Amino acid sequence: MSGNTNGRVFWAGNEIIAEAALRAGCNFYGGYPITPSSEIAAHLSLRLPQVGGAFIQMEDEIAAMGAVIGAALGGAKALTATSGPGFSLKQENIGYAVMSETPCVIVNVQRGGPSTGLPTAPAQSDIMQARWGTHGDHSIICLTPLYPREVYSETVRAFHLSEMYRTPVIIMIDEIIGHTTESFAVPSDSELAPIQPRSWYEKHAAQNSWRPFHDFYQGKHIHITGLSHTQKGFATTQPEVVHASLMHLVNKIEDDQPKIELNEEYMLDDAEIAVVSFGSPGRAARAAIDQARKQGIKVGSFRLLTFWPFPTARVRKLVDDVKAVIVPEMNMGMLRGEVERAAMRRDVQLVGVNRMGGVPIEPQEILDAIMEVKRGL
Amino acid sequence: MAFDYATWLRPEMMPHIWCPGCGIGIVLKSLVRSMDACGWDQDTIGFVSGIGCTSRAPGYVDMNTLHTTHGRALTFATGLKMAKPSSNVVVMAGDGDSAAIGGNHLIHACRRNIDITLIIVNNEIYGMTGGQFSPTTPTGSRAATAPYGNIDPGFDLCNLTIAAGATYVARGHVGNGVFLERLIKGALQHKGFSVVEVMSNCHTQFGRRNKHPDPSELVTFIASNAVALSQWNKLTDEEKEGKYPIGVLHKVANRPEYCESYHRMSEHAQQRVRDAARKIAEAESMKPKTEPAGGHQIED
Ligand SMILES: Cc1ncc(C[n+]2csc(CCOP(=O)(O)OP(=O)(O)O)c2C)c(N)n1
Ligand code: SF4
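Chains A and B supply the protein sequences, listed in that same order. No gaps in the numbering here: position 48 of the first sequence is 48 in my numbering, and each next residue is one more. No gaps in the numbering here: position 38 of the second sequence is 38 in my numbering, and each next residue is one more.
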């Protein structure tokens, strides 16, 4: 089984992430075991030594995140994966990666929370933590693939985006995606984001790197700190410089939001009802839409593959084009809240289908919501 | 020839943040002199710290420097070393940084015996945050969070790191820079996880609260409590009270270094891949010519 095959493979989501990371040039993994993400670590403990990369199981998730950043500064393309409480533990050092503009990729295979919650069951309730989990003003890139090919290509793209924007990129899947095994055709190079060494991205440094672009051991004697710093990388408390550096951290991502955005749109052209989702519920949404369409209901699906930065403009347009929006998600309304924010008080009916018990949302539940909304239109 | 400090420092970063008379400067001086004595090229050095007064040291020296999060310096250093095993990775951290919030990482770095040198500046207090007690503050001492005297017993960091598996452990103090340099040089040259604990003065936060407000008096006091290792075992338990042994307390060469173990495992894994590929190729060549070659992928 090679990471570079163009044939069909039969892999579970967690395995896909591991193989796609290798394809993207990942040569360092630091982690700490936690269900339902552990297979990513197990797979890379087998594969990284084979390709001359480094794998280390650290003493906790804080350490794993620290090791990932250290490795990235040593020139590696570095990955870590976790779930639930582990994602909470990583937050301080995720903020360090943001502040120090260290490219790296973090996977959260979401399970039920808070606390130990539902270790073996899916949820989508960390999506706000991905955005706001670490303290301080910042932006973040967070990808939410669903189907196996998407999980593969989005993992490759996560590495590309992390290098491009000099930022940690978070891949948020859930237990269902991580553990579902399906056959799919591995994308060819032309179907994937660029796979390039870090030096290739230097041409974007003026725009996307506040601190000097280089890594350690490149003759530049750089200084890296989590303190607010000048463009030379050294600590400062000068208000104008600190202000400008924070604006940079946010704007380098938010200004490029249209270039980062990826959605899947299905049967929206004539739709009067839109089902807006991310991750696993997107599958149930499509099944429900197909059934509703058979009954002549004009309903379509809008599924986010990039949750952060949020596709505000596109969602606002969508809300303008339909009469009602249904948002199925395995949390109490985190996406719905963002849709509402994007809609800016526009007169649209917004209905949530929310399930938190650790079981997937069934197509029937979404279909019932569609029928009910349709009756009221 | 006089030591050329200019090549090792970042003069543009001066003045430093440390209080006049703080011992951290003596430790940093001993460190760069030791690096120089080892013949290290500055570009091969990854100098990592956490958060605290001590951990500000990397900002002032001219090499690859990494000022991380509180307590986590060793985790960043571990990733850095794994990514570039040929580099020289050195960590400097305070007693709170390395033994309180970073205590877990400390024992695990020792256990792995990864080739990193850790210099702990033990001033027995949290300097940067204003004099709260640390895991090495002597019982009975006063601190910002121990106004009635500290009731916590402290760690002996050398005993702790020896027990956890460090393969070079030494202790010195800021009253004797020449001796300290020798200990640090030994640590830098050691293959494996090495620890140098440096007893240092924080007259500002520890001294003022504990009848040693003057830096030179406090350094003299710290030095007066140091006992050469050769003399240490001759002392009775009462005589050892308040004193500490100095020198190379522990040095072993019989434990594998972590990056080398990893490298061996990786070579083994790569050999297995090559062996498997050869077996598949042999099996393919045995097949009758009429059959299409290479059918081990799943077809749909
Ligand atoms: C997670 C976190 N908790 C607390 C702090 C606040 N803090 C900064 S330095 C420090 C302790 C410093 O003491 P020590 O490590 O002994 O170093 P010294 O300043 O004495 O050199 C603390 C608690 C922090 N920066 N981060
Ligand atoms: S507070 Fe203490 S440790 Fe910090 S610089 Fe001053 S004397 Fe040194």
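It is possible that part of the hints are untrue.
DSS-like, lysine-lysine: derived pairs with alpha carbons at most 27 Å apart [said to hold, decoys possible]:
id	chain 1	residue 1	chain 2	residue 2
1	A	K203	A	K232
2	A	K317	A	K298
3	A	K232	B	K185
4	A	K220	B	K185
5	A	K203	A	K294
6	A	K220	A	K259
7	B	K211	B	K185
8	A	K232	A	K220
9	A	K220	B	K29
Among the chain A residues that face chain B by a calculated CB cut under 10 Å, a handful are [stated by the list, open to error]:
id	residue
10	A67
11	S100
12	D215
13	Q218
14	K220
15	M344
16	V348
17	L350
18	V351
19	G352
20	M356
Since the hints were made in silico from the structure, they are not lab data. All figures in this text were calculated on a predicted structure; none of them were measured in a lab. Beta carbons: idealized from backbone N, C-alpha and C, even for Gly.
Here is how each hint holds up against the structure:
no.	hint	in the structure
1	K203/A - K232/A	holds, 18 Å
2	K317/A - K298/A	holds, 17 Å
3	K232/A - K185/B	violated, 31 Å
4	K220/A - K185/B	holds, 25 Å
5	K203/A - K294/A	violated, 51 Å
6	K220/A - K259/A	violated, 31 Å
7	K211/B - K185/B	violated, 34 Å
8	K232/A - K220/A	holds, 11 Å
9	K220/A - K29/B	holds, 22 Å
10	A67	holds, 3 Å
11	S100	holds, 9 Å
12	D215	holds, 8 Å
13	Q218	holds, 8 Å
14	K220	holds, 8 Å
15	M344	violated, 38 Å
16	V348	violated, 42 Å
17	L350	violated, 40 Å
18	V351	violated, 39 Å
19	G352	violated, 37 Å
20	M356	violated, 33 Å
The structure does not agree with the numbered hints 3, 5, 6, 7, 15, 16, 17, 18, 19 and 20 stated previously, though it agrees with the rest.
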